[in-house]
Amino acid sequence: ESLAQQQAGNKGVGVDVELTSAVNTDNDTFVERNFTASEIEYCRARPDPQASFAGRWSAKEAVFKALSSYGHVESKGAGAPLIDIEVSASQDGAPVVTLTGEAKQAADAAGVKDVKVSISHSGAYSVAVALAQ
Amino acid sequence: ESLAQQQAGNKGVGVDVELTSAVNTDNDTFVERNFTASEIEYCRARPDPQASFAGRWSAKEAVFKALSSYGHVESKGAGAPLIDIEVSASQDGAPVVTLTGEAKQAADAAGVKDVKVSISHSGAYSVAVALAQ
Amino acid sequence: ESLAQQQAGNKGVGVDVELTSAVNTDNDTFVERNFTASEIEYCRARPDPQASFAGRWSAKEAVFKALSSYGHVESKGAGAPLIDIEVSASQDGAPVVTLTGEAKQAADAAGVKDVKVSISHSGAYSVAVALAQ
Numbered sequence: 001e002s003l004a005q006q007q008a009g010n011k012g013v014g015v016d017v018e019l020t021s022a023v024n025t026d027n028d029t030f031v032e033r034n035f036t037a038s039e040i041e042y043c044r045a046r047p048d049p050q051a052s053f054a055g056r057w058s059a060k061e062a063v064f065k066a067l068s069s070y071g072h073v074e075s076k077g078a079g080a081p082l083i084d085i086e087v088s089a090s091q092d093g094a095p096v097v098t099l100t101g102e103a104k105q106a107a108d109a110a111g112v113k114d115v116k117v118s119i120s121h122s123g124a125y126s127v128a129v130a131l132a133q
Numbered sequence: 001e002s003l004a005q006q007q008a009g010n011k012g013v014g015v016d017v018e019l020t021s022a023v024n025t026d027n028d029t030f031v032e033r034n035f036t037a038s039e040i041e042y043c044r045a046r047p048d049p050q051a052s053f054a055g056r057w058s059a060k061e062a063v064f065k066a067l068s069s070y071g072h073v074e075s076k077g078a079g080a081p082l083i084d085i086e087v088s089a090s091q092d093g094a095p096v097v098t099l100t101g102e103a104k105q106a107a108d109a110a111g112v113k114d115v116k117v118s119i120s121h122s123g124a125y126s127v128a129v130a131l132a133q
Numbered sequence: 001e002s003l004a005q006q007q008a009g010n011k012g013v014g015v016d017v018e019l020t021s022a023v024n025t026d027n028d029t030f031v032e033r034n035f036t037a038s039e040i041e042y043c044r045a046r047p048d049p050q051a052s053f054a055g056r057w058s059a060k061e062a063v064f065k066a067l068s069s070y071g072h073v074e075s076k077g078a079g080a081p082l083i084d085i086e087v088s089a090s091q092d093g094a095p096v097v098t099l100t101g102e103a104k105q106a107a108d109a110a111g112v113k114d115v116k117v118s119i120s121h122s123g124a125y126s127v128a129v130a131l132a133q
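As you go down the protein sequences, you meet chains E, R and B in turn.
This note's numbering puts the first residue of the first sequence at 1, with every later residue one more than the last.
This note's numbering puts the first residue of the second sequence at 1, with every later residue one more than the last.
This note's numbering puts the first residue of the third sequence at 1, with every later residue one more than the last.
Derived by calculation from the structure, the hints in this document are not laboratory data.
For glycine and all other residues, C-beta sits at the position ideal for the given N, C-alpha and C.
Keep in mind that a hint or two might mislead.
Said to hold, decoys possible - With beta-carbon atoms standing in for the labels, derived distance ranges:
no. : chain 1 : residue 1 : chain 2 : residue 2 : range
1   : R       : G9        : B       : S38       : 44 to 54 Å
2   : R       : P47       : E       : V96       : 32 to 42 Å
3   : B       : A89       : R       : D92       : 41 to 51 Å
4   : R       : G9        : E       : V96       : 12 to 22 Å
5   : B       : E32       : E       : T98       : 41 to 51 Å
6   : R       : P81       : B       : A37       : 29 to 39 Å
7   : E       : S90       : R       : G101      : 37 to 47 Å
8   : R       : R33       : B       : A37       : 47 to 57 Å
Excised from the complex, chain E in its bound form:
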């Protein structure tokens, strides 16, 4: 059985939890280095921008870990900046992942065809779980 056959159908999984208050959204440099213009616009327009940024931050981290967990992701890709993992909202509110730049290159090279993520908030925390497949 080849490596590719062994991998066939296998998924990678990632989880991330964040204290919602700990994501430093007051720091413009941090925000602009990690969030796309479209993400920033979306989060700032939400009723609770701090929670929206924290949820997206959790989602990006969870996707990053899911890509690493999938296997065969090159180390350069593993260090891809989080701005290359964009999390947008579909019409029904479910988050949609779009990979660009180094994250996309790493995912393509590893054979990842689809990445899903789910986000939740309660009390002081934001949590996200991602699946690379």
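Chain E is fixed; fit chains R and B onto it per the hints.
Frame of chain E, contents of chains R and B only:
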């Protein structure tokens, strides 16, 4: 490659976190609208009914998100009441998901054959993760 | 369709959340019953041993639940000691699961070929999500 082929083997994922104390189990209308008679009986007989209800609530939300994440779930199904997602306990304690009504219709239409969920509690929080496959 | 065909491609999922402070790392008997020598050495050498032990504990619990969730896991395996689920760090820091003893027997008998886990910490909590496939 057709849409069906692209989807083949893909899973949907959902996560939900809840402050255990925030699930309003004192409100009979809320409880009866969202939990089946069998779930209510089970949770009320547990050592910590509040935690049991909160865990099941998290599980229902996580399954709901996993179904949406799977894709091709019709919007009507996406609005299915949570009572249509029943979470019961197997003999070894692991939760088992049974879909009925609109949730089942939506899952069938999307091609979901199996839904798994896992629940955990610690401190003030209940967390659940679901997989639609 | 046979049971094996229905199961083909299906995954099991597990989640675990822990108050990081609640994992009793001062109790040598508890630690040695649940962690391998290699895990103990690794966690004690980390900047925050308490968080490292709690994260690994969450990971073991999540893997245990994912194996149960996969299905067809024999009850004896379901009671496998957590020391049989070893969580080590790969070169890039991502956790790697190695099953031994009863956990391995149960996983083999159920047809589980691969187990992935992801761990996260924030504030007072450690969370892990596992996938049995």
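Against the structure shown, which of the earlier numbered hints fail to hold, in ascending order?
-> Going through the list in order, the structure violates hints 1, 3, 6, 7 and respects the others.
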